[in-house]
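Asker: The chain contents come next:
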Amino acid sequence: MTVVLDGISKSFGNTPVLHGLDINVEEGEFMVLLGASGSGKSTALRMIAGLESTTAGKVFIDGRDVTEVLPKNRNVAMVFQSYALYPHKTVAENIGYPLKVRKLPKADIEEQVRDVAGQVQLLELLERYPRQLSGGQRQRVALARAMVRRPAVFLMDEPLSNLDAKLRGHMRTELKRMQHNLGITTIYVTHDQVEAMTLADRVAILEGGKLMQLAPPKDIYNDPANLFVAQFIGSPPMNLLEGSLAPGLFTCSDVAIPVNNSARVAQATLGVRPEDCSVVAPDAGQMNATIYATELLGDHTLVTATVGDSIVTVKAAKDYEAALDTPIGIAIESAALYLFDRTGERLR
Amino acid sequence: MSWFESQKLGEMAPGTKVIIYSLLWFWAFVVVFPLYWVVITSFKLPVHVSDGPDFLPFIDYQPSLHAWKYIFIDLGSDTFRPYLNSVIIASISTVFAMIFGSMAAYALARLHFQPRLISIVLFLIALGLAAYAAISFGVDWRLALALGIAVFFFLVRALQRVPSPRLGNGDILFWVISQRILPPIVAALPIYIMFQQLHILDTHFAIILTYITVNLPIVVWLMYDFFVSIPRDIEESAGLDGASKIRIFFEMALPLAKPGLAATSLLVLILSWNEYLLALFLSTAKAQTIPLLVAAQNATRGPQWWYMSVLIIIMIVPVVLLTILLQRLISKGLLLGAVKG
Amino acid sequence: MASEKLDNWLDRHSARLFLLPTVLLILSFSLFPLVISAWLSLSRFKLVAGGYDISYIGWLNYKKLFTGSQQFHFLGTFAPISLVGWLIIALTAAILFWGIYTFLISRNITVIGVIGRLIAFPVLGWLGWLVASTTGEGGRLGSLSTTLYYVFAGVTLQFLMGTLLAWLCAQNIRGRAFFRLVFFVPLMVTPVGIAYMFRMLADMSVGPFSPIWKLFGLGEFSWAADPWSARMVVIIGDSWQWIPFIFIVMLAAFESQSRDEIEAAELDGASGWQIFKDITWPSVVPVAATVVLIRIIEAFKIVDLPNVLTNGGPGIATESLTLHSFIEWRALNLGGSSSVAYLLLVVSTIICVSYFQLVVLPMRRARE
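Residue numbers (our numbering), protein chains in the order written: chain A, 830 to 1177; chain B, 32 to 372; chain C, 78 to 445.
Incorrect hints may have been included.
Below, in silico cross-link-like pairs of lysine-lysine (DSSO-like), each with a Cα-Cα straight-line distance of 27 Å or less [to be verified]:
id, chain 1, residue 1, chain 2, residue 2
1, A, K929, C, K82
2, A, K901, C, K123
3, B, K317, A, K901
4, C, K291, A, K935
5, A, K935, A, K887
6, A, K1047, A, K995
7, A, K932, C, K354
8, B, K317, A, K887
9, A, K887, A, K901
10, A, K918, C, K354
11, C, K354, B, K48
12, B, K317, B, K100
13, A, K932, A, K918
14, A, K995, A, K1144
15, C, K141, B, K317
16, C, K141, C, K123
Keep in mind that the hints were calculated from the coordinates and are not lab data.
Work the whole structure out from these sequences, hints included.
Answerer: As structure tokens, this is what we get:
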């Protein structure tokens, strides 16, 4: 089932939250809505579910205009951030509730519940109550309850954010596997870029209620459409230098870097990722810097250095050692440079 | 289109809306109409009442101020004195009930009690003996009380080593709150006798003391829930800084519990203001409160609706004003108490 | 130096000092009177000039109420059991069997539990029989049955109406704050005032509804002269005042519902009624049980309304136990007054504690 958001806008009272959002999700795709809190991503998700009405624009599910259709008639299932399990019902009753509401015969309900519970390894916990379960187990119950209806679309609102780091990693892979097996169109909301990069077929980055970029993870990382996306994705974040662009040359304080771009822009920003930089001897690279700090992270050393008034981080080899305030040079791979104009748009 | 299917997302179906709003407005009418009737009746002359119901002032009848004049001018001090009594009694008893009750609630919420069961039993025995001596043998009550207390202390010391189960905070709390089940009538008679012996019947002091006692369980119940929900960190940090428990209570706990204090005070004030039975028992003329005045309207002559209406109105108005001022704090306060049970 | 020592002493004993005033007041004006009241109920007590004259007469006061000259006043006049009576007995029996059944299958059988139930259940059963056998043709309710009627019929009506209003107000409507304020007002009116208000309203000939009564041919009907209509007016007045209380508490409970669970149920396809039945109601049940308990405790004390509305009449038809006791006091029968008051205490305690054990605790445990 495809999902299309066509020019969606939403205001709560006088506060606008979404501005003309256009997103289309393909059949069977795993789409991630990525953004910081307040970006409008949860609101967009809730509008697909029908839990929020639209101020303007339309929502289409599988080609059908569902903008005014009640949530229960949209055939979507949602996993809430808080899981929203019914505390006074057992796990089996929780999972079976959507079927009970549709008045299926008891035997059918039991069978389908067991089937789904098996898929998420909940068979031994069917008679427990939510309060007796761990976070990860509750999450699986929420998942099972969404799955049991075989909906047209899965909606997930930050389902992993309440789990500890180790469990989160494990559940990520489980989720991807499960979605692949079921083949159901999934729309997933998160603020965690790692989840977005690892789970998504395509990522939609939202900021301030607007769509920043909609592309597969690879393109989001290697080909950011604007400054916001470039800064948001990548850990540690992309290095940014503000200066001016002349044809073929970017200048910033006492740094001049040759670039493959013939535009002339008075205020421009140069971006380069830490892993595309390397530490060299002073004057051996495109810029000179002074070490501000070094941090050993196990598989690499993160070197933070000052270039004029700016700070640049470089991923160095794991055995790199140097004293603070040592002068160094930074070499940049010329193919890995990004240029942005004053408004943040990418210069190509 | 069906009347009960929602047409727009996020809005109720038109049929449902009609039913809900009409029920709500119906009940609003049920609430307001009796009060409206009281108000317009207070402006009616006797002839307006006995001739049949008049619904609209200026249209069905000409309003008159005669009832108001009578109550405020002719009756003058006979109205003013009970009104003043009510104000004094209600406010003073509320203030003290709140102080004592909050202190007790705080102690039960934060501090640890472990009274021995045997001490309590001994206390009750001593009390019973004192009462028996005072009533059956006419022993002067002061002597009997002193003897009873002496006996109690002596026995407690003597039996100090005897093992006994201990009760905890929960039990004390339950005991205090369960006092609410006690129908006032059961205590009214003995209290009447006690006060008569002490020659304090028909005084403000007697009624205030009684009202404080009657309202303590409610204050303790509601404030306990409030204090329990305040995070301990603030108080612990103040304790580390050297503040005594008393200081922590007055400077930390109370200010944080302001919504609860407001809601509970209002509730207790309303209860004291409107109380009838105990006031009836314990006062005759000097300490008479307004509910008694209202009730007395019936005793001497037939129902004089117009005077009664004036009295009812002057009883309601201060409370309504106070409630509007504290309105938002009320539902927050009641919720916390009720949801926690 | 001295003040520091005082501070330290105060601090160490602060717990007891905080609790002391409350405990003292309750001991003196609640517990002590209780003891005296018990003693009074066992005696013939007369106030004479300058003091009192008391003589111990054992259980005579109680005997008078149960089997003697005051039986008609306290228990009522007996009559063959009618259909309504059998229904009441059936209901009582059902409740008792359910109570015994749940107790036996629970894993929580304690000595206190058994003793408590051994005391409470026979009493409850007897009360059910009493009400049934005084409501028949020619039977008259005594103050005990009348009080039970006020409590059970009144609280049921108040709870249903209050919860319904609260649920309506919790929906997506405009003006919730307005309704909340308006609905709260009746709680502020003194019960005596309410009594007079309703007397005015219910007047058949000059009250505001008299045109309607006359239309139905009831113009000459005096509601104060018929026992059941008189009781109904008392309940109406009582409910007018107390429905707001239940409304406020239940509204707060509905508003504190977890939105997520409701939305999840909406997505799962549940209709409004299914959501209420399966999601909302189970989560507010503990609050509902508690608020009903509070109302039951207070309802037993009802006195202002029957006193002022109907003066206990016609005859003794609307007399609550408190009113009965008060009337005895006015008649200077202090021993009799104490005994009625004490019986009220016993009955209300048994019913309140039973309700607490059988209803409130299981609800709370289920939600824990």
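Asker: Would the hint linking K932 (chain A) and K918 (chain A) be met if the CA-CA limit is 27 Å?
Answerer: Distance of about 17 Å is within 27 Å: holds.
Asker: Holds or violated: K918 (chain A) and K354 (chain C), Cα atoms, limit 27 Å.
Answerer: 13 Å, holds
Asker: Quickly compare the C-alpha distance for K995 (chain A) and K1144 (chain A) to 27 Å and report which way the hint goes.
Answerer: Distance of about 25 Å is within 27 Å: holds.
Asker: Is the hinted pair K935 (chain A) and K887 (chain A) satisfied, with a Cα-Cα distance of at most 27 Å?
Answerer: 38 Å, violated
Asker: Taking only the CA atoms, is the gap from K141 (chain C) to K123 (chain C) under or equal to 27 Å?
Answerer: Roughly 18 Å separates the two Cα atoms, so the pair holds.
Asker: Is K317 (chain B) close enough to K887 (chain A), meaning Cα to Cα at most 27 Å?
Answerer: This hinted pair is violated, its Cα atoms lying about 75 Å apart.
Asker: Does K887 (chain A) pair with K901 (chain A) here, judged by a C-alpha cut-off of 27 Å?
Answerer: OK: K887 (chain A) and K901 (chain A) at ~18 Å, within 27 Å.
Asker: Taken at face value, is the distance from the CA of K995 (chain A) to the CA of K1047 (chain A) at most 27 Å?
Answerer: 25 Å, holds
Asker: Holds or violated: K317 (chain B) with K901 (chain A), Cα cutoff 27 Å?
Answerer: 68 Å, violated
Asker: Are the Cα atoms of K291 (chain C) and K935 (chain A) separated by 27 Å or less?
Answerer: 57 Å, violated
Asker: Does the alpha-carbon distance linking K901 (chain A) and K123 (chain C) stay inside the 27 Å limit?
Answerer: With a Cα-Cα distance of about 74 Å, the restraint between K901 (chain A) and K123 (chain C) is violated, given a limit of 27 Å.
Asker: Is K929 (chain A) within 27 Å of K82 (chain C), Cα to Cα?
Answerer: Distance of about 70 Å is beyond 27 Å: violated.
Consistency with the previously given hints fails for numbers 1, 2, 3, 4, 5, 8 and 15, ordered from lowest to highest.
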